[in-house]
Amino acid sequence: MPITFLKPQEFAIPNGELLAELSIDIFQVKQFGCELSIPITIAALSKDFAGGQKPQINVGDLSMEELHQRYYDIKMLTFHCAWLGEVLLERLKGVNDFMISGPSNKASVAKFLADKGRQYEKLDFIAHKDLLCAVLKEREKSIALSFDRKTFCTLFDEIIVQRNNFIHGKLFMLQTSAGYQTILHSDKGYQIIEKDTLNSYNECYNNISAILSQSSQFLKDHP
-14 MPITFLKPQE
-4 FAIPNGELLA
6 ELSIDIFQVK
16 QFGCELSIPI
26 TIAALSKDFA
36 GGQKPQINVG
46 DLSMEELHQR
56 YYDIKMLTFH
66 CAWLGEVLLE
76 RLKGVNDFMI
86 SGPSNKASVA
96 KFLADKGRQY
106 EKLDFIAHKD
116 LLCAVLKERE
126 KSIALSFDRK
136 TFCTLFDEII
146 VQRNNFIHGK
156 LFMLQTSAGY
166 QTILHSDKGY
176 QIIEKDTLNS
186 YNECYNNISA
196 ILSQSSQFLK
206 DHP
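Take -14 as the starting number for the sequence shown in the working numbering and just add one per residue.
I should point out that these hints are in silico values taken from the structure, not numbers from a laboratory. There could be a bad hint or two in this list.
Pairs of lysine-lysine, DSSO-like flavour, derived with a Cα cap of 27 Å [said to hold, decoys possible]:
#, residue 1, residue 2
1, Lys122, Lys96
2, Lys180, Lys91
3, Lys(-8), Lys126
4, Lys155, Lys126
5, Lys205, Lys96
6, Lys78, Lys101
7, Lys91, Lys60
8, Lys(-8), Lys180
9, Lys78, Lys32
10, Lys60, Lys173
11, Lys173, Lys(-8)
12, Lys135, Lys60
13, Lys173, Lys78
14, Lys205, Lys(-8)
15, Lys122, Lys60
16, Lys96, Lys(-8)
17, Lys126, Lys101
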């Protein structure tokens, strides 16, 4: 069964309401003998912004050590996911560096770079992924692949986008009537971050890494 990425659920600020944030770093965590501050951000929504009411943040919750630990744990997991994304980028570059030297790939590579109007050395993560997928699509016309190319390329794209969200996004804890909700704010909007999403990202990393190895072997066997 193909692996799919369990994307985070989108979070929308209700119309007429306001999101207020408060940051503090009163708690610390010990790592390798060092006291590291935990800069935590909590937030709340106004219930009557249209009437001029300001959001009421329960400042007392900032004394909850378990809340800081939860925030820290989630933050570290998003860092880990971003780290896995960086590993995939390096492995992808390794595959592509070898691929561009293959005589059977030269026409596809040249066409891709011409269409993009970019030099190979200037390609970013998404472009490197697109290049590999373009070459595999062309090679697949004459030689069968051992994996589903379309599924692989779609999954890889989703993982790269989420990796960018983890790197550039801001994590905060949103106060709700049911407790705190972990929210990531990036240029893609607001996302609810839960352990299922983070676990899914790790599973997808394993799948993509394995297919990159298969792609590398395929290109070596059919240069």
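Results of checking the hints against the structure:
1. Lys122 <-> Lys96: Holds - the C-alpha atoms of Lys96 and Lys122 are around 13 Å apart, at most 27 Å.
2. Lys180 <-> Lys91: Distance ~43 Å between Lys180 and Lys91 Cα, so the pair is violated.
3. Lys(-8) <-> Lys126: Not OK: Lys(-8) and Lys126 at ~31 Å, beyond 27 Å, violated.
4. Lys155 <-> Lys126: 43 Å, violated
5. Lys205 <-> Lys96: Roughly 21 Å between the alpha carbons, so the hint for Lys205 and Lys96 holds.
6. Lys78 <-> Lys101: 17 Å, holds
7. Lys91 <-> Lys60: Between Lys91 and Lys60 the Cα gap is close to 42 Å, so the pair fails against 27 Å, i.e. violated.
8. Lys(-8) <-> Lys180: With Cα atoms ~11 Å apart, Lys(-8) and Lys180 stay inside 27 Å; holds.
9. Lys78 <-> Lys32: 49 Å, violated
10. Lys60 <-> Lys173: 18 Å, holds
11. Lys173 <-> Lys(-8): 12 Å, holds
12. Lys135 <-> Lys60: With Cα atoms ~32 Å apart, Lys135 and Lys60 exceed 27 Å; violated.
13. Lys173 <-> Lys78: 26 Å, holds
14. Lys205 <-> Lys(-8): Judged against 27 Å, a Cα distance of about 34 Å means the pair is violated.
15. Lys122 <-> Lys60: 37 Å, violated
16. Lys96 <-> Lys(-8): 33 Å, violated
17. Lys126 <-> Lys101: 22 Å, holds
Taken one by one, the earlier hints fail for this structure at numbers 2, 3, 4, 7, 9, 12, 14, 15, 16, listed in ascending order.
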